[in-house]
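Student: Since each chain sits alone in its own frame, please combine them into the complex, following the hints.
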Amino acid sequence: MKRIYVNEKWCLGCHLCEYECAFANSGLTDMVRALKGKTIHPRIRVEDGEEIHFAVSCRHCKDALCVQSCISGALTKDESGMVRIDREKCVGCLTCVLVCPYGAIMPAPDGHAAQKCMLCTDNLCGEPNCVKHCPNNAIVYEER
Amino acid sequence: MELFVHGDYEVVRNPDLCIACRVCERQCANEVHWYDETAGKMKAYSDKCVNCHRCVCLCPTHALKIVKTDDTYKINANWNNATINEVYKQANSGGVLLSSMGNPKPYPVFWDKMLVNASQVTNPPIDPLREPMETKVWLGKRTVKIERDEKGRLKNTLAPQLELSVPVMFSAMSYGSISYNAHESLARAAEELGIYYNTGEGGLHKDFYKYGKNTIVQVASGRFGGFKGYLETAAAIEIKMGQGAKPGIGGHLPGAKINEDVSQTRMIPRGVDAISPAPHHDIYSIEDLRQLVYSLKEATEYKKPVIVKIAAVHNAAAIASGIARSGADIIAIDGFRGGTGAAPTRIRDNVGIPIELALASVDARLREEGIRDDVSIVVGGSIRSSADVVKAIALGADACYIGTAALLALGCPLCRSCHEGKCNWGIATQRPDLVKRLNPDIGYKRLVNLVTAWNHEIQEMMGGMGINSVEALRGNRLMLRGIGLTDTELSVLGIRYAGQSL
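Chains C and H, in that order, are what the protein sequence lines are. Residues in the first sequence are numbered consecutively from 1328, following my numbering. Residues in the second sequence are numbered consecutively from 45, following my numbering.
Bound conformation, chain H alone (with noise of 0.2 Å):
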């Protein structure tokens, strides 16, 4: 027998607004709310609902809300109810628990614990609707040699470079965990707005092509969707080696979610299980992964960067500086709170560091070591706001990686419900009725709409320091002082506590 485990979330409808127009019946996948038609009512029934917001969002009269369900057991800090409802479904189920989107636990927000410094006085403000203020970052490595040819003429060492309107790129969602739809939004954003977005794992639809210059496609462990000229067409090749949200573990794409175009665009059979292992199977040292990235290289004719993707571990600072030699171009970080389309929650909500920290170590480990200007560094992991952004550069990124914040802007509302496969709002789901939802005219506008108003937040933050660009903000850890944080936390953020002055 299976324990009835009652639902997180219940929803209210006020029956003085409800015009029974069946709005939120026609709109849930999760079949929560019907019509009965003996009462003339519409009920619902919650123990099915994930808190989606879909209904709350299209109900025209404002009559519906989600609330926390006060349904407990004997209240007991230890064994609270999310503790024993998990053992429950796992008791009826025999499985491993799977959980959706970012760590959501409340370990502690770095970004929010810095502070950010502002020009008095001795260096004035820079106002960025009057003088010039550069957002725009070149991504890749930094060094050149001086070589002349034979009339002596300086000749072009510089690494390819990938170049960004703003230090913000969308991180790598691949097309099977989210829809066709979600993937143009944002293909079509990233054109518009001058940066790049990330085809994660997926391949590249045959459709989406042509915005190669906008893209960076992934080789990872599965190696889906590889081809020369998959790598041909992008403007750079991510290696991902790990991600924040399930360091150690692969990926597993079950084979429902396979259909023909998945199917096509992965380069594997329609409804057969894809599965990333958890290691690279021939990866398996630096000089390994050195091998890798020459041949991404090579097979490119070195005309682009080669990124190498890790999740934030214990020795991201060493791993990082193993990366640093193997030839990559530029070394993107995810913290424990990125975002996942499916991830053991154990592994979700305890394995891997903060993406504050593991920036921060890597950063002054580079710089320790002399090879900072190898490689560009890539942050993501929950960059919320542009104020992470700022921290993030001032910490020592050159650019960010936003993944939840925008399918934030596509209309996710964290439900993390993306493994069910029946995302209400048409971004984590492949069921074509659902897909439909997420029209891309609206999703890629509300995409390039808050990329925007970071870029104008960024700037206005960065004037009030009296620094005119990115550059000058890049690892500038004067700028932030701690509130609220340990010694053994300032030290490893390489900040000072606010009120101590230079």
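Excised from the complex, chain C in its bound form (with noise of 0.2 Å):
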């Protein structure tokens, strides 16, 4: 399965991939309409250490905490091996943010439910749109 990596060594801890995450899932085609004045909520985040970033999403495991540790079902694993979140099952316990080993999970900005990245499958661009505006090619979209 195609997964986003992230090379640590070419990430520059620039932030636009979380700009442009909450762009991609605001359903808005205007970023400044999407974003000016509002608070951001991506599904990507960039780890910030001295010299080193990394910017840190869903990894889609193998076997996945979050799925197993779903109490309604919300989450799930597809057949192509993405892990899904069904935000009308999801009843917002929040166990899955609390199992994820990555905090690649978080409480969806409404409070109600949970949210991941689930490849910008669930949004109008079709692609990971982190990857896509990466300036240095840091964030991959590939076969591993």
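Check each hint, because a few of them may be wrong.
As the list claims (entries may be wrong) - Label pairs and their in silico Cβ distance ranges: (1) C:L1451 x H:C101: 17 to 27 Å; (2) H:H325 x C:K1459: 47 to 57 Å; (3) C:N1450 x H:S513: 22 to 32 Å.
Claimed, not checked - With a cut-off of at most 20 Å between alpha-carbon atoms, the simulated EDC-like pairs for lysine to aspartate or glutamate come out as follows: (4) C:K1459 x H:D485; (5) C:K1336 x H:D477; (6) C:K1363 x H:E69; (7) C:K1363 x H:D485; (8) H:K301 x C:E1378; (9) C:K1363 x H:D60.
Claimed, not checked - So, partial list: chain C residues that the calculated Cβ filter (under 7 Å) puts toward chain H: (10) W1337; (11) C1341; (12) L1362; (13) T1366; (14) I1398; (15) K1459; (16) P1462; (17) V1467.
Hints were generated in silico from the structure; no laboratory data involved. Glycine included, C-beta positions come from ideal geometry on N, C-alpha and C.
Tutor: Structure representation (structure tokens):
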């Protein structure tokens, strides 16, 4: 399965991916309208150390702890291997947030459900927007 | 007290578009942008801005632009703003003014005053997509003697050659002046394109020995990083006598830029300034130059061509004649608009001559003396496009060096601040957090794209002239006509005026 990978060597910590993610999932076609004056809730987060930067999003684990721990069946693994979340089924218990070892699932801004990266299959982009706009090819979408 | 000198450029932010993502702030090594938390707004200290366009390029909503400041002293055609500011800066510091990249002053650009011919009716143009079009060139001595062995078979007496798939090479830029990632990009692109890149006088990093087949190593007045292995790895050896951006002076890499890697590659102590003297202290005549040429040939068993690079200066033709007789295989001439990682401003802006004129006079002189075949001529110093390459070849060059154009392909915005060591594009810096901004996987592809595109254009222009190989274009000055040139300029360039037939 093609996944999003981050090459730490090339990640500059510019945080553009976070804004591109928030824009992609805003449902709007204009970035300024989507993001101006708003607090963003991206599904990818850049972790910054002193000189190290690393963008983290869902790894779509083979044995996904979040899927195993989901009490409502909202988190599933589809035939391609992608971990999906069904907002309608999610009861907002946030167990998945607790168990994810990467911190890649977080509460959605409305607080009633969890949210996670679905490789931009759940929005208008069709391909991961963070990958498309990474200025240094640090975030890649590939088969490994 | 230091007089405040206003910056040349101002950051203009469209408040309707800025989403305060702070990407500009994180990407600016000059610390221009900052986030005012109380106001919830991005702000900028324009005085620190070098106009490198990193923020403009990365701003996701295109909210930024950089404009020339309209702050001005009283308008004065003689004492303009830049001139006054330079006096203030020198009165503040007591130092020599430093600059980077090529001469930006409005001197005439002769490439733009030459027009290329095309075929009509009697000698039809050639379509390079349908018919063969040769852009491969060989650099080196073209003199051969007919000699036979005892069995009567012809001996190969051709001197070693460089084979180029396109008449373009990446010019000398040292590791130190540019980053590891910039070097890797150039090396990988040269390998893929079947051309050469040049180490400059910085030695060759141990990781790049594997690109030796496509490497020209430089031996300059500081002799940094040179040893037998360095010479043997390379495809050719270049003796640097001068550089177009700073003829007559040497180089100075500040100790701050000499980190562990640069120190090992240059074979000099860490943190100590690397000074290249103005002259080679063992070369004061053509005879001395000949000794170095043959020392290098001897060390490499006469298997590699030796290039001698000079800056384009008033006596370039006579100097080139001497070089051709020194045993060198290739002469490289660097015009006064050539780039640099750091040069005194006065030297860069006032010393040397345009490459077009130097090339024309060198080629004419060598032909007059019947020694043109003893050497190939490579020219650099602001070759900006494939059209410049075509015109250079028609004036008599065998190939061109590109440095600035190559850096532009890597993202360089020509902000001319290399000497400050804070290149926001990861090119002219050794700061690890900045160097990583240039991913060679992207960089080398952009270089390959550039040269590939130029190759297509060279083929199109040659096809239009009804010429199907670079060999047939070389020195073919009848393919050029001048426009807006004086009689003297036409005679130096050796071309006719537009409208004049054969």
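Student: Against chain H, with CB atoms and a cut of 7 Å, does the hint on L1362 (chain C) hold up?
Tutor: Interface hint status for L1362 (chain C): holds (4 Å vs cutoff 7 Å).
Student: Using 7 Å as the Cβ threshold, decide whether P1462 (chain C) counts as touching chain H.
Tutor: 6 Å, holds
Student: Can K1459 (chain C) be said to touch chain H, with a Cβ gap under 7 Å?
Tutor: 12 Å, violated
Student: Decide if the proposed pair is consistent with the structure: K1363 (chain C) and D60 (chain H), CA atoms, cutoff 20 Å inclusive.
Tutor: 9 Å, holds
Student: Honestly, do H325 (chain H) and K1459 (chain C) meet the 47 to 57 Å range at C-beta?
Tutor: Given about 55 Å between the Cβ atoms, the range holds.
Student: Taking 22 to 32 Å as the hint, is the beta-carbon distance of N1450 (chain C) and S513 (chain H) inside that range?
Tutor: 54 Å, violated
Student: Next item in the hint list is W1337 (chain C). Is there a CB on chain H closer than 7 Å to its CB?
Tutor: Constraint on W1337 (chain C) satisfied, holds at 5 Å.
Student: Does D485 (chain H) lie within 20 Å of K1459 (chain C) when you go C-alpha to C-alpha?
Tutor: 15 Å, holds
Student: Can the restraint linking K1363 (chain C) and E69 (chain H) be considered satisfied, given a maximum Cα separation of 20 Å?
Tutor: 17 Å, holds
Student: Quick check on the hint: I1398 (chain C) CB to chain H CB, less than 7 Å?
Tutor: Violated: closest Cβ of chain H sits about 36 Å from I1398 (chain C), beyond 7 Å.
Student: Checking one constraint from the list: CA of K1363 (chain C) to CA of D485 (chain H), max 20 Å. Satisfied?
Tutor: 34 Å, violated
Student: Close enough to count: is the Cβ of V1467 (chain C) nearer than 7 Å to one in chain H?
Tutor: 10 Å, violated
Checked against the numbered hints given earlier, the structure breaks hints 3, 7, 13, 14, 15 and 17 and satisfies all the rest.
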